[in-house]
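Participant: Given next are the chains, with one letter for each unit.
Number of protein chains: 2
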Amino acid sequence: MTYRPYNNDLVDGLGTERSYGIDESLVRTCEVALSMGRLDDLDGFIEGLHASELADLLEALSSESRYLLFNHVRGRLDPELLTYLDDVVREDVLEQLGPAEVAAVITELETDDAIDVFEDVAAEEQAHVLARLSASNRALVKQALTYPEDSAGRLMQRELVSVLKDWSVGNTIDYMRERAADLPRDFYEIYVVDDDRRPVGTVPLSRLMRNQRDVRIDDIMLTKLHSAYLEMDQEEAALMFRQYALFSAPVVNDTGQLVGVITADDIVHVIDEEAEEDILRLGGVREDDFYEAVLDTTRARFSWLLVNLGAAIIASLVIGLFDAAIEQVVALAILMPVVASMGGNAGTQTLTVAVRALAMKELTPANAARIMGKEVIVGGINGLLFAVLMGFVAWFWFGETTIGLIIAAAMVFNLLTAGFAGVTVPLLLQRMRIDPAVGSAVVLTTITDVVGFVSFLGLAAIVLL
Amino acid sequence: MTYRPYNNDLVDGLGTERSYGIDESLVRTCEVALSMGRLDDLDGFIEGLHASELADLLEALSSESRYLLFNHVRGRLDPELLTYLDDVVREDVLEQLGPAEVAAVITELETDDAIDVFEDVAAEEQAHVLARLSASNRALVKQALTYPEDSAGRLMQRELVSVLKDWSVGNTIDYMRERAADLPRDFYEIYVVDDDRRPVGTVPLSRLMRNQRDVRIDDIMLTKLHSAYLEMDQEEAALMFRQYALFSAPVVNDTGQLVGVITADDIVHVIDEEAEEDILRLGGVREDDFYEAVLDTTRARFSWLLVNLGAAIIASLVIGLFDAAIEQVVALAILMPVVASMGGNAGTQTLTVAVRALAMKELTPANAARIMGKEVIVGGINGLLFAVLMGFVAWFWFGETTIGLIIAAAMVFNLLTAGFAGVTVPLLLQRMRIDPAVGSAVVLTTITDVVGFVSFLGLAAIVLL
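Chain order of the listed sequences is Z and D. Take 1 as the starting number for the first sequence in this note's numbering and just add one per residue. Take 1 as the starting number for the second sequence in this note's numbering and just add one per residue.
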């Protein structure tokens with residue numbers, strides 16, 4: 001890429017070819033400077049960085065270097081830095097700060113970011129931090145913590161501008177000028193509420209500017225409101241933003257009163273988090289452990305592998321049932337993984353589409369039967385195609401028509417099973433309130449392994465012995 | 001959930017318990033009404049629906065019902081409806097419309113949405129649609145089509161408000177009032193450009209309202225701009241939005257001039273798409289085929305399964321090398337899938353974290369060696385733990401210490417390999433410019449299968465024969 005985008009603080013600050021973010025050479029330079037104790041040499045670099053870039057730099061450094069660099073910058077810390085850090089790294093640096101410093105950071109952040117940071121303070125330190133907040137900030141933090149984790153209440157900003165619906169454009173503009181000190185520094189729309197503080201509309205600021213002072217607010221407001229409520233799961237909120245392509249949404253309490261606002265940039269973060277969760281869980285990882293220490297990572301992954309060991313042993317027990325057949329025809333042992341693995345792969349394809357469709361609320365009881373039918377047909381057709389292919393391979397390899405026919409029949413049967421189980425397993429797990437992204441894969445491959453081995457070896461035992 | 005959020009057009013319109021979206025009973029009611037030909041009964045329902053909800057309804061219906069319902073509403077079509085439809089369904093309904101109707105829809109949409117819709121018009125119809133657009137709209141569509149697919153140029157809106165940096169607040173407000181007809185209906189900030197039309201800052205409308213008429217625009221503008229360029233991949237643009245938690249970003253052309261704007265709600269859609277792509281590809285599915293017809297789905301999945309068949313046959317060939325050992329000790333055939341499957345699962349864990357970290361630009365050549373070291377250690381520790389576990393299981397099962405020791409040794413070796421390959425494979429594929437999400441899984445499991453079988457059967461052949 002030869003074109004360098006116009007980008008005032010970045011291209012100038014870093015001289016990098018990338019259009020955003022930090023450079024690898026910067027990371028290396030820092031590591032070297034830190035290891036040589038030449039911290040002051042870095043000040044030039046660091047001052048040119050956006051808070052999110054300094055966060056990236058801290059994440060990219062080894063933990064010793066990170067400690068040194070953070071210690072060097074903690075005196076002139078931009079509170080925003082903490083909002084950009086990965087959870088694991090954030091916990092680390094928060095430990096480095098004393099309660100007074102953490103309290104100062106939290107005071108400067110907007111409510112949603114402040115809560116995010118506070119959640120990562122070690123449990124035994126939280127009381128010390130709370131004690132150092134002002135009474136009003138302490139109340140805000142405590143209140144936000146009463147909302148469930150990952151809820152709209154934690155995600156929202158309390159800072160917003162609202163006016164009554166019977167106000168005029170003139171009233172509103174005067175109010176905004178007079179109360180400037182109490183209002184957010186920058187904002188883009190105004191919420192309109194009724195006498196009970198229920199949201200009834202929004203007014204983009206552009207409409208305020210274009211209308212005469214005597215126009216009533218409720219004559220120019222947008223009335224298609226989609227509200228989130230405090231306890232709403234952030235995933236639900238994200239689905240609502242997608243559904244209506246929203247830019248922002250009011251958050252209401254139990255009695256429908258306006259208490260905060262969620263904006264699309266908050267949702268970007270949520271969608272990222274939720275997608276990451278699904279990707280990782282489908283891969284058998286509970287949480288992003290990229291920055292996690294070796295032992296924590298090992299422990300977290302162990303439990304998933306243990307479940308898989310159980311599944312593998314079940315498959316082995318099934319094979320063990322047919323030891324006589326294998327002893328007589330060793331070709332069975334050679335070919336049996338093919339049937340199991342093709343079933344596993346076909347099932348995973350179906351499963352992936354089904355889990356994604358469940359998350360997007362596209363797969364519902366209303367269309368489950370239709371989708372299941374489709375997947376079984378797809379499995380059946382591909383089963384037939386691969387039956388022919390693998391049947392010929394086995395026939396040529398071992399020079400036995402019977403082996404070819406047996407593997408062909410097992411293949412069709414296992415791919416039909418895979419299509420059926422690929423939709424059914426996530427649906428059943430969901431009904432049992434187990435996250436389909438977590439459990440589906442292991443249940444599915446256990447099924448396709450068992451069915452694959454039983455159909456292939458069982459058929460062989462009947463035909464050959 | 002007993003609480004029903006305040007939500008004016010939804011709760012009233014549909015009487016649903018969900019806080020957004022359509023109800024299953026609605027889908028069923030529609031299917032019945034359509035099958036009975038009582039289309040007019042549905043009008044009451046349909047009028048209460050948001051365009052995105054009608055889109056969901058069309059997606060949820062069987063294809064015959066969809067055809068009937070769309071035919072019924074095409075006369076009073078809200079153009080927005082098309083922007084909410086899944087690609088596959090959109091192609092279907094666009095076929096139902098004639099070129100004149102499609103042209104009318106495209107004329108009413110904003111540039112980014114118009115292009116989205118136009119792309120899904122059948123290739124042989126596109127010329128007919130273009131011919132029916134006004135000259136200026138035709139030029140806009142043609143221009144947008146010169147930008148690469150999934151680029152910032154296709155994503156941006158051209159509709160924006162920009163002023164020169166030496167203007168005053170007064171000039172700006174007057175301009176907005178006088179030119180109201182040419183400006184977007186609603187907007188939230190103003191772009192500031194220099195004499196060459198390069199963006200130099202933005203002014204949230206709230207700042208315009210709070211400042212006196214004689215204040216210069218460049219004294220109140222925000223100067224931290226992060227620009228996208230026309231050819232920038234939408235995935236890069238999304239990473240930039242995440243990096244700086246942006247609300248909007250200007251798009252510039254080759255000479256750095258402002259040509260459009262991307263907002264966070266566009267990015268929500270991109271992130272969704274990109275995350276979906278990664279999830280599906282890791283599961284061996286090329287594209288979301290949830291709404292795709294049976295034969296298209298079968299064909300698309302076949303090629304991936306064919307690759308997997310190749311991998312499975314390689315594993316079988318490896319097993320075939322040790323047929324003598326299996327013939328003598330049938331326990332080997334029974335236990336061998338355990339070693340291979342544990343390697344595959346452990347490798348998939350590492351791989352998933354690595355592929356995600358690559359997509360987020362967290363895994364880079366700068367930290368690759370460190371992450372690889374970590375994953376090998378994690379693999380080694382878990383390998384030892386599962387070696388002990390599985391060693392005892394095999395010993396008790398077959399009453400042979402040797403079998404237990406052999407499977408233990410093979411387990412450690414395969415889990416070390418899995419940790420190493422889990423990071424290396426995606427990095428190598430990325431270097432070879434192959435999407436790591438597509439190819440990594442099959443390459444990895446081939447490696448862990450082969451290494452698993454060779455180490456277990458090979459060791460057994462040496463020790464037991």
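In case anyone wonders, no lab produced these hints; they're calculated from the structure. Some clues are possibly wrong.
Identical copies go unnamed one by one, so any copy, or any two together, can satisfy a pair.
What the hints assert, rightly or not - Here are the simulated EDC-like cross-link-like pairs (lysine to aspartate or glutamate), alpha carbons at most 16 Å apart as the crow flies:
no. : residue 1 : residue 2
1   : Lys165    : Asp194
2   : Lys142    : Glu119
3   : Lys224    : Glu47
4   : Lys142    : Asp233
5   : Lys224    : Asp254
Participant: Find the hints from earlier in the document that the structure breaks and name them by number, from lowest to highest.
Facilitator: Checked against the structure, the hints that fail are numbers 4 and 5, while the rest are satisfied.
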